[in-house]
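Visitor: What follows is the residue order along each chain.
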Amino acid sequence: MAASEQPRTRGASVAPLVDHLFRRQYGRMVAGLARVFGSDLLDLAEDVVQEALVRALRVWPFEGVPREPEAWLVQVARNLALDVLRRRSMTERKLRELEGWADSLSSHGTSAPVLAEVGDDTLAMMFMCCHPSLSPEARVALTLKTLAGFGVAEIARALLAKEATVAQRLTRAKAHLQREGATLALPAADRLPRRLDSVLEVVYLLFNEGYSAAQGENLVRAELVHEAIRLGRLVLSTPQTALPKVHALLALLSFLAARLPARTDAVGEPLTLPQQDRSLWDRQLLASGFEHFARSMAGDEISAFHLEAAIASCHAAAPTYEATDWPTIRHRYDQLLDLIDSPVVRLNRAVAIAKVEGLVAALAELDDLRAHGTLAGYYLLPATHAQFLWSAGRRDEARAAFAAALACPCSIPEREFLRRRAQACERGEPAPRI
Amino acid sequence: MTHYMLILRSEPSTYATISPEEIQGLIQKFEAWSSKMAARGHIRDGKKLADEGGRVLHNQGGRLVVKDGPFGETKEVVGGVYFITADSYDHAVELCRDQPNLEFPGGSIEIRELDWMGQEPPDG
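Residue numbers (the working numbering), protein chains in the order written: chain A, 1 to 434; chain B, 1001 to 1124.
Excised from the complex, chain A in its bound form (with noise of 0.2 Å):
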């Protein structure tokens, strides 16, 4: 195979292999291949790239690591798909379109923003797999496998479910792509919106998912936030996606990723935002949510994105916790409310009530809340009342409301954390800052 001719190295002479290479080429590849094939042989695109993968974990320990790894690994995927349109007997066109797309990766060779043709097939991939009609559980686990080169075990890993759920997720999803006749391609323009729409909501989940739990105990679900970001950034890379909403949504999760190196102490434990050293915040993140924020500014909509943005903005902006603009914050948080009328977002802007308006105002707000019932189960209305509760010196109320709040599930440094919160209003301490 020509492939394997490639000049060989042994030892450090040539760089290391960039972080994540194969994962990204995975997805690349599967996306380009899949366009080839047809969007109903996805599962053959994955197979023939994980053999191609393969073929480098067989070769590469003896013959050394290639200097161009990408157009190496596309060229064996070049291979084996011709194997698979001849055993199929596919059209010459096809034959033709499986050369471009080899000639289109490979003359790219390692050189960064691989974009173009390969950034549309990846992006197609991405709408495809954020179909609408899927369920955003299955939007997520095959966004995970198909495009960002997750195995079943690591999306296991990362979602907190059962491997034999995602791969079951998986078949599912695929098939019910097939039956749809779901196709490769950009969707066209009157039907943009909504499938973009699909799109940015696996982006934020995904987010989600790592953002919540990255606390260093679980290393895929940390890596999830970049995920996200970078996926959101692809959706960036074509003018007709590239929307003042899809900038809001990066606006936002850089913003709160920046926060990422403050959010634990030297042991780990999580700080909440009045507590984080703030010139830990990542500034190129920052830099960056502000350059995002700026640009989703164009055009008319204002989408919830732009109002989280907008809120996050504003811490991002303070430069000391005391110096934070509430005011403003609560007014997004009252749009963002006539927006989408959700309870977890009255729960966070409890807060800002109650940093503007006082305690009483903001505890009345979470019996309201409370009454309501639709949060019942979520530890953060509870560990908020009692944090509310404790603020106002009313420490038995308080104790009840963290026992509440401890009955709840959630993930273990939260608990820790909130049963540290518990002992040190039991032993009668003053009570942090809201």
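Keep in mind the hints are simulated off the structure, nothing from the lab.
Note that the Cβ used here is the ideal one computed from N, Cα and C, for glycine as well.
Among these hints, one or two may not hold up.
What the hints assert, rightly or not - Non-contacting residues of chain A with respect to chain B, defined by C-beta distances greater than 10 Å in every case (computed):
| no. | residue |
| --- | --- |
| 1 | His20 |
| 2 | Pro61 |
| 3 | Gly64 |
| 4 | Val65 |
| 5 | Leu85 |
| 6 | Met90 |
| 7 | Gly149 |
| 8 | Glu154 |
| 9 | Ser237 |
| 10 | Gln276 |
| 11 | Ala287 |
| 12 | Ser303 |
| 13 | Arg330 |
| 14 | Leu359 |
| 15 | Arg395 |
| 16 | Glu426 |
As the list claims (entries may be wrong) - Restraint ranges, calculated between C-beta atoms of paired labels, are given here:
| no. | chain 1 | residue 1 | chain 2 | residue 2 | range |
| --- | --- | --- | --- | --- | --- |
| 17 | A | Pro132 | B | Glu1094 | 52 to 60 Å |
| 18 | A | Ala376 | B | Asp1051 | 45 to 53 Å |
| 19 | A | Glu99 | B | Leu1064 | 41 to 49 Å |
| 20 | B | Asp1051 | A | Ala167 | 21 to 29 Å |
| 21 | B | Leu1057 | A | Ser104 | 43 to 51 Å |
| 22 | B | Phe1083 | A | Ser104 | 37 to 45 Å |
| 23 | A | Glu99 | B | Asp1068 | 31 to 39 Å |
| 24 | A | Val18 | B | Glu1094 | 26 to 34 Å |
| 25 | B | Lys1075 | A | Glu99 | 44 to 52 Å |
| 26 | B | Lys1075 | A | Pro239 | 47 to 55 Å |
| 27 | A | Glu99 | B | Gly1106 | 36 to 44 Å |
| 28 | A | Pro343 | B | Lys1075 | 36 to 44 Å |
Guided by the hints, dock chain B onto chain A, whose structure is given.
Guide: Chain B only, in chain A's frame:
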């Protein structure tokens, strides 16, 4: 210094479910091992064996029998070989202790000394 051949066996049929990230991780481990060996002057060469083909010859009562192989009985295949130098078998074992082939299901390494029959090996 004594010359040894390392024969690396594994079961490629188990590779289908390794994730791309894990594949990359394994390749990087092989690279790290090779680099370390090269830096210390232990490694001479490595060679991947072709997946397809292979013939096994036997003499059955004066008749040459040619079989395709070596396939069939076992899922284990020789992936490739390395030629290394070491002071002794014990030393060679020591050098292979962190060889990543041992992390594969069914992965093994056979170490065989090359016998130069009293001659100087090429390149010292």
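Visitor: Against this structure, judge whether each hint is valid.
Guide: Taking the hints in turn, this is what the structure says about them:
With a closest Cβ-Cβ approach of about 7 Å to chain B, A/His20 is found to fall inside the 10 Å limit, against its non-interface label. Its beta-carbon lying about 4 Å from the closest one in chain B, A/Pro61 breaks the requirement of being farther than 10 Å from that chain. Against the 10 Å criterion, A/Gly64 falls within the reach of chain B, whose nearest CB is about 8 Å from its own CB. With a closest Cβ-Cβ approach of about 6 Å to chain B, A/Val65 is found to fall inside the 10 Å limit, against its non-interface label.
Separation of A/Leu85 from chain B is adequate, the least Cβ-Cβ distance of about 20 Å exceeding the 10 Å criterion. Its beta-carbon lying about 23 Å from the closest one in chain B, A/Met90 satisfies the requirement of being farther than 10 Å from that chain. At roughly 4 Å, the least C-beta separation between A/Gly149 and chain B is not larger than 10 Å, which violates its mark as non-interface. The Cβ of A/Glu154 sits about 5 Å from the closest Cβ of chain B, inside the 10 Å cut-off, so the non-interface label is violated.
Under the 10 Å C-beta cut-off, the non-interface status given to A/Ser237 relative to chain B holds; the minimum distance is some 22 Å. The beta carbon of A/Gln276 sits about 30 Å from the closest Cβ of chain B, which is more than 10 Å, so the claim that it is off the interface holds. The claim that A/Ala287 lies off the interface holds: its Cβ sits roughly 29 Å from the closest Cβ of chain B, which is beyond the 10 Å cut-off. For A/Ser303, the condition that its CB be more than 10 Å from all CB atoms of chain B holds, with the nearest at approximately 33 Å.
Listed as outside the interface, A/Arg330 is consistent with that label: its C-beta sits roughly 43 Å from the nearest C-beta of chain B, beyond the 10 Å cut-off. With a cut of 10 Å on Cβ distances, A/Leu359 stays outside the contact zone with chain B, its closest approach being about 48 Å. Every Cβ of chain B is farther than 10 Å from the Cβ of A/Arg395; the closest lies at roughly 49 Å, confirming the non-interface assignment. Separation of A/Glu426 from chain B is adequate, the least Cβ-Cβ distance of about 45 Å exceeding the 10 Å criterion.
Checked against the hint of 52 to 60 Å, the C-beta distance between A/Pro132 and B/Glu1094 comes to roughly 59 Å, which is consistent with it. A hinted range of 45 to 53 Å for the beta carbons of A/Ala376 and B/Asp1051 is inconsistent with their spacing of about 59 Å. Taking the beta carbon of each, A/Glu99 and B/Leu1064 are about 44 Å apart, inside 41 to 49 Å as hinted. Against the hinted window of 21 to 29 Å, the Cβ-Cβ separation of B/Asp1051 and A/Ala167 comes to about 28 Å, which satisfies the hint.
In this structure the hint that B/Leu1057 and A/Ser104 lie 43 to 51 Å apart at CB holds, the actual value being about 46 Å. A hinted range of 37 to 45 Å for the beta carbons of B/Phe1083 and A/Ser104 is consistent with their spacing of about 39 Å. Checking the proposed 31 to 39 Å range against A/Glu99 and B/Asp1068 shows it holds: the Cβ atoms sit about 33 Å from each other. The given range of 26 to 34 Å is respected by A/Val18 and B/Glu1094, whose C-beta atoms sit roughly 32 Å from each other.
Between B/Lys1075 and A/Glu99 the Cβ separation comes to about 35 Å, which falls outside the hinted range of 44 to 52 Å. For the pair B/Lys1075 and A/Pro239, the supplied restraint of 47 to 55 Å holds, since their beta-carbon distance comes to about 51 Å. Distance hint check: the CB atoms of A/Glu99 and B/Gly1106 are about 38 Å apart, consistent with the given range 36 to 44 Å. With their beta carbons about 56 Å apart, A/Pro343 and B/Lys1075 fall outside the hinted range of 36 to 44 Å.
Hint check: violations occur at hints 1, 2, 3, 4, 7, 8, 18, 25, 28; the rest are consistent with the structure.
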